[in-house]
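Asker: Chains as they are written, first to last, in my numbering: chain A, 12 to 659; chain B, 12 to 659.
Just so you know, the hints here were simulated from the structure itself, not pulled from any lab data. Incorrect hints may appear among the rest.
Stated by the list, open to error - Label pairs and their computed distance ranges (CB to CB):
(1) A/ARG538 with B/GLY59: 53 to 61 Å
(2) A/VAL52 with B/PRO237: 29 to 37 Å
(3) A/PRO184 with B/HIS23: 35 to 43 Å
(4) B/ASN625 with A/GLY215: 42 to 50 Å
(5) B/VAL52 with A/GLN219: 47 to 55 Å
(6) B/GLU88 with A/THR336: 39 to 47 Å
(7) A/ARG538 with B/ASP523: 31 to 39 Å
(8) B/THR618 with A/SER286: 53 to 61 Å
What the hints assert, rightly or not - A short list of chain A residues far from chain B (calculated; beta carbon distances all over 10 Å):
(9) PRO21
(10) SER50
(11) ARG221
(12) ILE289
Keep in mind the model is a prediction, meaning the values are calculated, not measured. Note that beta-carbon positions come from the ideal geometry of N, C-alpha and C, so glycine has one too.
Number of protein chains: 2
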Amino acid sequence: MDDATHATLPAHLDVDALRKHLDGRWRHVREDVREKAGSTVLPDPDAGSIEDYRAKITEALRELGATGTPAIGFSKEHGGGGDVGGSAVAFEMLGYSDLSLMVKAGVQWGLFGGAVQALGTQRHHEQYLPRIMSGELLGCFAMTESGRGSDVQSLGTTLTYDAETQQIVVHTPTHDARKDYIGGAARDATHAVVFGQLITGAPGEQAQGRGVHAVLVRLRDDDGNPLPGITISDCGPKAGLNGVDNGRIVFDHVAVPREALLDRYGQVAEDGAYSTLIASETRRFFTMLGALVRGRISVAGSAGSAAKKALAIAIRHGDKRTQFTRPGSNDEMIVLDYLAHQRRLLPSLAKTYALHFAQGELVATMHDVQSAAEVDDARQRELESRAAGIKAVATWHATDTIQTCREACGGAGYMAENQLPQLKADSDVFTTFEGDNTVLLQLVAKGLLTEYRDHFGDLDTLGTVRFVADQFVGTVIERTAARGLLSRLARVGAGKNGAVLDRAWQVNLFEDRERHVVDAAARRLRRAAGASPNRAFDLFNAVQPHLLEAARVHVERVVLEAFIAGIDTCEDDASRRLLERLCDLYVLSEIEQHRGWFLEHGRLTPTQSKAVTNAVDELCAQLRPFAVRLVDAFGIPPEWLTAPIARR
Amino acid sequence: MDDATHATLPAHLDVDALRKHLDGRWRHVREDVREKAGSTVLPDPDAGSIEDYRAKITEALRELGATGTPAIGFSKEHGGGGDVGGSAVAFEMLGYSDLSLMVKAGVQWGLFGGAVQALGTQRHHEQYLPRIMSGELLGCFAMTESGRGSDVQSLGTTLTYDAETQQIVVHTPTHDARKDYIGGAARDATHAVVFGQLITGAPGEQAQGRGVHAVLVRLRDDDGNPLPGITISDCGPKAGLNGVDNGRIVFDHVAVPREALLDRYGQVAEDGAYSTLIASETRRFFTMLGALVRGRISVAGSAGSAAKKALAIAIRHGDKRTQFTRPGSNDEMIVLDYLAHQRRLLPSLAKTYALHFAQGELVATMHDVQSAAEVDDARQRELESRAAGIKAVATWHATDTIQTCREACGGAGYMAENQLPQLKADSDVFTTFEGDNTVLLQLVAKGLLTEYRDHFGDLDTLGTVRFVADQFVGTVIERTAARGLLSRLARVGAGKNGAVLDRAWQVNLFEDRERHVVDAAARRLRRAAGASPNRAFDLFNAVQPHLLEAARVHVERVVLEAFIAGIDTCEDDASRRLLERLCDLYVLSEIEQHRGWFLEHGRLTPTQSKAVTNAVDELCAQLRPFAVRLVDAFGIPPEWLTAPIARR
């Protein structure tokens, strides 16, 4: 790398200016959380029993409700703030505090409250939302069952309408249909949104399954005892998040009034007649799930916060910790001055920045889609796909990053007081809850292959295979917010700073890879044309890892474009120049890690591939002096960054 | 893959026959642990306070001492079994129980007892070993200091001999010199082996530093109170291993008798005169450390057990758990029938098998080296290097595997009752304790570059750089136990079953990679010839990631050869044929994961690279029906495999 490149780095970085830029559109929400952070004291999960910890988290949850912040995501007509994006950003910020608190808040206001708002109608909103927003009424979200994790459409719980009593009977017919891992169920929730198969019929019509619906069920009486027919047990200790009271619920023919049905997408008349505006059961199901996209987006945001906090701890520690002396002198070496140490932390930092901008774009899209006067089906489907993809990539990145940070801090990283153990244990489940990452990436791939033909669950595996076999013509790279920007880039960037630092070259490489991987997967699936279902499935199964890779490279391209767009709007010159280098490090680390593919497919020559590795080394060395300021710019509330090794 | 290959898989596998083969040379030790397993009930770390858990683990430790098993590794003349290898295998088996118990036992009998035996002399052995073996006297190993993790040679603790009183004064001069993370110190240990800089001089001679030595210090009185001048504090809760009482120790001029010096490698006369048979301070230091190699080998073994237990849980669960239905039918799909699921678990299983054989070879080598009548310096150095390398690779593999298993079990994998959370939390520190993995790989690389010229710490960084610059002529691939076997292989194997399944081709690929990466690193270091120390260090730093890679590929080659040797001695035909396929899966997964390097260096064509990926897919499908039996063959005591999801 020549001196000209070096010269593009700023001499000084104003951390406040960079933080303002990172704070973005909902800066006021972030500042508000920072101001109030001191009043949320993080409980020590090791200080007492799990019950003590749960009690402290519930208390913090109620205090949080009293601040009014959780209400910002609810509709204005019921006393909320009507700010969907702000609500997601508030959850993201809560990811810097205790993740049990974040998850409890996510269950209460995101999943439970969100389901009442999105799936319910006027009567539910009026009756429940004010008390849900304030935290007076605590609820849980009873979707997952013991026998089924990801296959929600096949839930076993039944919701059977009885026209005589005008009640819906909630029942757990088998052990597998038991509601499991339900956050809030073991201790606190008095109410639950329960998902199950609605069974009803008009007079003279055979009662039949209408697919998955949700009812609002009261679980406990005023003394906290389960109501008759309801058996609740405790899932017991978990790897982390022990401030959350996960439980199991079994319903034995529990009758609730007809009005308990959250009936925005499907209604039952008094006589049992079923009506809906969405005729396809599968489509109805995915429309309902789509309305709950905020939960997934919030998890991605919190995962980002967890990764940022871990990096702040490890980088500040690495900037002070010494190990061995510099040969030929008595100067002790600072560990972050070792290239191997930089290589562990700085590419993770670069990707964390990349995902920060991608998350910002995702939240803004959700806000705009959900605040729009008209429903835009295509944008909604794209949002769901993007949320699924970014959730998967962001949570895996968090798990990897926190592990790396733990190891980079050695024994100190293993001590509870240094916060990394709890971050690691708490965030670990993010990769498999709110949608298992592998299943999510499969959905993303399905969307790519079918051009988001419909709600992406709308086609089952066989349908997807056949659709692709019959109709797939070729991948369309749909550009993100960076669209205009990228065409400009292609004109001015070429050849500058040597090929591997040329942004246009980088973008083309990512786009080209996406197109190739998706096209190749489609070609393989096309062999299933006319095959028997069995054979078609076997072919699908054989292509499965390829499909996951297609989804992954798609997400990486989207993330890159979000990073580029995020740099473009940066008004602080020094920040912008640093972000450009971080973006290089993100892109080139990704290429280096996956250079096998690029070489295999003739997209990189061996010489270029080695140049990529050298450039990553150089970028690490260049960014190293800014490392501490780059984590300071996240603006993590200092009250929540208590690790002694992270002290300035 | 053609049908001929398919045909080489056995129709039936006798799990007992395979287990016997895996049990190997110390089968009697393994069987003994299995028989007694029922008497060690695993405590529930979440059932009470950390103090409760510690108390239960200490109780289990004393019970273990009473069984006599821990004595097998001590010398016969003091009542031990004289079976060094058996002792390491017993620790490995203990890795299936509670890892806090394993670490407590490792501290007591491996580190503390091992140091007294290896660094002490007759008087220490007679006075202490019997009570150490029985667990009557509990001790700790006070090496690590707050300010220094890996750089043990620079310890700050001083051991100053005072000829007038004939005492050694143990002192902590700075905050950084505080002993830290010392297992056993916070609660149980009455004694400690304390490492520090010995300072002494003969009459008329200036007292001077003699480098790191160890003294045996009594820490607590009979009531458990710290003795005068000794301040002990508790490190508090950790990510895992909370049954181990890690503590910090500060010494304020604590005087111990001259005889407390563990003086096998360096002696102090009454008048303060220092004598030793190893003149070089650095060499003496590494000889002392080398005597303690068993600890590192035991950690590698326990990491292997932790990975095996995690795989047993995840594979048994994946063999029962259903998710989604098979298209075109109502049959539910078993998750392990999905290729993506196989791809997560089976390559890990294959590498776990590979490391099992490598560990077996390592233990046998240690046993033979340490039981030999004559000290063989070259073999000892090779053993140390191999132990360092396998410890690094095995512990990273365990961390990765346990994480993968956790995710593969979804929410169930997050529940404490399913054991994966504790396995993950407990084993996480393995990558950074008993030698930080990054530092260990650097030592391995140093050994490769200097042809084990001396004890591998003998050359500091600058010395290594200069040695390489001056003398390095080319890598010698020193063959392992598989030597004779491999030359046979090269003759008969070529071309059989298609190139990527040809064992000779695979071995050549690994050897060739090792040679190339080591040579290239040496070439880069050679540029430092004649450079200033500063410049030489910068060059070294730039080559650091390359050196780590050199060490890693060296270890992978050693592991492969151990696997091949392990197959060769297998007398059960069906087992042998399965092991052959597992070995293919290990090799090809490794090649696939690192195909970037092979393509970059023209060692694989793009076509071959794609063939490797296809072969991994095929091998996963072929091995899938055997997956449960392959984990059953580990012979994990069922009393210690309590996860409900792992039930048969």
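Asker: Which numbered hints does this structure break?
Answerer: Hint check: 4 fails alone, others pass.
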